[in-house]
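J.: What follows is each chain in one-letter form.
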Amino acid sequence: MTELRVTRPLEHTILVELIGHWRLQEHPPLMQDLVREFRSNPPAQFFRFNAQALESWDTGLITFLLRLQRICHRKHMTIDFSGLPQGAQRLIHLATVIPERQENMRLRAKEGRVFRLVTKAISTTDGAQDMVAFVGETFITFFRFLRGRAQYRQSDLALAIQECGAKALPIVTLISVLVGLILAFVGAVQLKQFGAQIYVANLVGLGMAREMGAMMTAVIMAGRTGAAFAAQLGTMRVNQEIDAFITMGISPMEFLVLPRMLALMLMMPLLCIYSDILGILGGAIVGVTMLDLGAAQYFYQTQEALTFTDFSVGIVKSVVFGVLVAIAGCLRGMQCGSSSAAVGLATTSAVVTGIVFIVVSDAILTVMYDILGV
Amino acid sequence: MTEPDITVRDLTMAYGDVVIQRDLTFTVNQGDIFIIMGGSGCGKSTLLRHMIGLKEPAHGDIHFSGESFWQADDETRVRLMRRCGVLFQSGALWSSMSLAENVGLPLHEYTELNDKQIQEVVSFKLALVGLAGFGDYYPSELSGGMQKRAGLARAMALDPDILFFDEPSAGLDPISSRHLDDLILELRDSLGATIVVVTHELASIFAIGNNSVFLDADTKTMLASGPPHAMLADCGIPVIQQFLRRGEVASVAP
Ligand SMILES: Nc1ncnc2c1ncn2[C@@H]1O[C@H](COP(=O)(O)OP(=O)(O)OP(=O)(O)O)[C@@H](O)[C@H]1O
Ligand SMILES: [Mg+2]
Numbered sequence: 561m562t563e564l565r566v567t568r569p570l571e572h573t574i575l576v577e578l579i580g581h582w583r584l585q586e587h588p589p590l591m592q593d594l595v596r597e598f599r600s601n602p603p604a605q606f607f608r609f610n611a612q613a614l615e616s617w618d619t620g621l622i623t624f625l626l627r628l629q630r631i632c633h634r635k636h637m638t639i640d641f642s643g644l645p646q647g648a649q650r651l652i653h654l655a656t657v658i659p660e661r662q663e664n665m666r667l668r669a670k671e672g673r674v675f676r677l678v679t680k681a682i683s684t685t686d687g688a689q690d691m692v693a694f695v696g697e698t699f700i701t702f703f704r705f706l707r708g709r710a711q712y713r714q715s716d717l718a719l720a721i722q723e724c725g726a727k728a729l730p731i732v733t734l735i736s737v738l739v740g741l742i743l744a745f746v747g748a749v750q751l752k753q754f755g756a757q758i759y760v761a762n763l764v765g766l767g768m769a770r771e772m773g774a775m776m777t778a779v780i781m782a783g784r785t786g787a788a789f790a791a792q793l794g795t796m797r798v799n800q801e802i803d804a805f806i807t808m809g810i811s812p813m814e815f816l817v818l819p820r821m822l823a824l825m826l827m828m829p830l831l832c833i834y835s836d837i838l839g840i841l842g843g844a845i846v847g848v849t850m851l852d853l854g855a856a857q858y859f860y861q862t863q864e865a866l867t868f869t870d871f872s873v874g875i876v877k878s879v880v881f882g883v884l885v886a887i888a889g890c891l892r893g894m895q896c897g898s899s900s901a902a903v904g905l906a907t908t909s910a911v912v913t914g915i916v917f918i919v920v921s922d923a924i925l926t927v928m929y930d931i932l933g934v
Numbered sequence: 462m463t464e465p466d467i468t469v470r471d472l473t474m475a476y477g478d479v480v481i482q483r484d485l486t487f488t489v490n491q492g493d494i495f496i497i498m499g500g501s502g503c504g505k506s507t508l509l510r511h512m513i514g515l516k517e518p519a520h521g522d523i524h525f526s527g528e529s530f531w532q533a534d535d536e537t538r539v540r541l542m543r544r545c546g547v548l549f550q551s552g553a554l555w556s557s558m559s560l561a562e563n564v565g566l567p568l569h570e571y572t573e574l575n576d577k578q579i580q581e582v583v584s585f586k587l588a589l590v591g592l593a594g595f596g597d598y599y600p601s602e603l604s605g606g607m608q609k610r611a612g613l614a615r616a617m618a619l620d621p622d623i624l625f626f627d628e629p630s631a632g633l634d635p636i637s638s639r640h641l642d643d644l645i646l647e648l649r650d651s652l653g654a655t656i657v658v659v660t661h662e663l664a665s666i667f668a669i670g671n672n673s674v675f676l677d678a679d680t681k682t683m684l685a686s687g688p689p690h691a692m693l694a695d696c697g698i699p700v701i702q703q704f705l706r707r708g709e710v711a712s713v714a715p
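These protein sequences, in sequence, are chains L and A.
Here our numbering is used: position 165 in the first sequence is 725, and no number is missing along the way.
Here our numbering is used: position 120 in the second sequence is 581, and no number is missing along the way.
Hints in this document: simulated from the structure, not taken from any laboratory.
Predicted model, so just to flag it, every value in this text is computed and none were measured.
Don't take every hint at face value.
[Claimed, not checked] Which bits of chain A does chain L cover? Going by a derived footprint, with three or more residues having C-beta under 8 Å, they are:
no.: 1; stretch: 510-517
no.: 2; stretch: 554-566
[To be verified] Here are some chain A residues the structure puts well away from chain L; computed CB gaps all over 10 Å:
no.: 3; residue: Gly527
no.: 4; residue: Cys545
no.: 5; residue: Gln550
no.: 6; residue: Glu581
no.: 7; residue: Ser651
[Unchecked claim] Just some of the chain A residues that point at chain L, by a computed CB distance under 8 Å:
no.: 8; residue: Phe549
no.: 9; residue: Ser551
no.: 10; residue: Glu570
Cβ atoms here follow ideal geometry from the backbone N, Cα and C, with glycine treated the same way.
Build the full structure now, drawing on both the sequences and the hints.
T.: Structure representation (structure tokens):
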């Protein structure tokens with residue numbers, strides 16, 4: 561039982577008797593009697609406690625008392641804890657010796673809706689500015705690399721190449737074969753009606769080489785490598801490792817971003833070609849098993865349909881995608897805030913940014929190819 | 462020996478709109494072991510970040526041997542930064558590199574030494590901080606105090622003119638932290654380095670510090686500067702007396 565009895569032994573004094581078990585798990589005592597007593601006349605000026613009937617207490621009692629103390633402060637009443645158990649008095653003293661820092665509870669509470677909207681707008685434009693600045697810095701770094709003046713470790717580059725090249729092969733294999741299969745299926749249903757099954761080879765070949773090979777590898781790399789870049793760099797930011805590079809006079813752009821970007825730029829075209837070939841294989845599986853085409857016939861048809869230009873169109877795209885995925889991952893990682901939650905956000909944001917970059921640039925490139933007639 | 466090495470002038474530090482400290486003005490002389498003191502959260506690490514050029518002052522400037530840091534161009538800044546070695550509060554070792562690589566990287570980048578020579582320097586520096594033989598360990602395989610010491614070894618890698626240590630002895634046992642004090646004194650005496658230390662440890666403050674500044678969180682400015690011993694003896698400000706006597710307020714002549 562948690563109980564409290566309020567009496568007025570003297571005209572200006574409220575005496576509160578605490579009875580029973582004042583523990584967190586017990587139901588909180590009713591404040592109504594107290595509130596009524598606060599309002600009653602004549603106004604009280606002193607507040608005292610009697611804890612003789614108090615059987616046990618814990619933080620539940622202390623928080624109650626602190627709340628009471630705040631109310632008394634507001635009403636300019638004097639609160640006297642001397643009737644309480646020694647331990648409780650000491651805890652209250654400890655909790656109140658260091659005053660709350662006022663300005664710490666700064667603006668946040670006061671921010672209105674308009675204010676929030678304006679801040680949001682400003683932070684959006686700031687974000688765009690940061691992105692442009694980062695891209696600019698990336699280019700400067702890249703030119704320094706071309707002039708052979710960039711500081712980075714070959715071993716880091718090799719590691720990054722392994723990470724986003726060889727280790728990505730299994731997933732690229734799986735996805736590419738399946739995409740080839742799907743393209744062939746979709747095409748077959750239509751083309752069969754005209755007895756033109758053999759053109760499935762053209763469809764799959766062109767689709768993979770010009771578009772899907774580059775696109776699918778880029779999406780895989782955005783989810784796999786872009787996210788990893790953001791998480792790595794973000795964690796380094798949180799641990800102040802990036803600050804440590806800066807104070808050593810080593811540019812994190814050159815030392816951390818450059819090898820990652822180079823690795824993706826170099827590996828993406830290779831992965832893209834690999835993906836093209838596997839996609840065509842996937843198409844062939846459908847062609848041979850379901851459309852009764854001969855394997856030789858299928859590959860001959862594919863060879864006839866594809867030119868070198870078709871492959872290079874896809875490869876150029878893949879290089880662009882590689883740069884963009886690397887930029888998205890590294891940008892979000894370098895921008896990361898200083899908590900572990902921020903690393904999670906950076907990772908998510910890297911994938912989203914990467915995919916947006918990929919799709920938008922793909923659209924632009926496709927239009928450009930169309931205008932150029934390739 | 463007493464020409465000023467670092468001068469902080471009218472420095473105001475802020476995160477966004479929130480001012481952390483204002484009107485800081487003090488001088489660190491060459492060969493000083495300069496202590497930054499103050500309660501937890503008063504802005505010591507923030508001051509250090511300003512002094513090593515990681516954070517731009519809201520107002521004021523920092524001069525290295527008379528050369529302004531924040532007015533300077535990027536190249537000068539990199540040159541000035543490279544005069545400094547920094548131990549961060551969290552160690553901030555590069556987690557993807559072994560200890561030997563951590564300490565060796567600055568040597569690789571900025572000296573002409575070959576691999577064998579670098580290895581020798583690295584094992585010497587690691588031995589100085591009591592981590593001989595740990596070269597092949599990765600930071601995640603070390604205890605907190607060991608990471609701290611490895612960070613120290615990295616900060617000393619290039620024998621910089623100025624060393625900044627953020628709470629070097631936090632997380633160390635009494636004997637190691639005593640050893641660390643000896644090391645800091647030795648660095649100053651043998652290499653002539655200027656050393657700026659953030660520390661709470663009274664024993665260290667009095668053992669090694671010959672100059673200091675005291676930051677206060679409530680007034681948001683420095684309350685005093687000067688040698689710690691003199692502060693203890695002469696300074697009448699109660700907060701400082703409390704700090705220097707672990708909260709045991711002594712009767713102080715005003
Ligand atoms: N990134 C940040 N953004 C906003 N405020 C910050 C940030 N970092 C620190 N602060 C604030 O700046 C103040 C000083 O922090 P700082 O880390 O410099 O304290 P400190 O004196 O080093 O404390 P300690 O002795 O505990 O390390 C704190 O009140 C903290 O809330
Ligand atoms: Mg600190």
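J.: State for each hint whether it applies.
T.: Now for the hints, and whether the structure bears them out:
no.	hint	result
1	510-517	holds (count 4)
2	554-566	holds (count 5)
3	Gly527	21 Å, holds
4	Cys545	6 Å, violated
5	Gln550	8 Å, violated
6	Glu581	20 Å, holds
7	Ser651	23 Å, holds
8	Phe549	5 Å, holds
9	Ser551	6 Å, holds
10	Glu570	6 Å, holds
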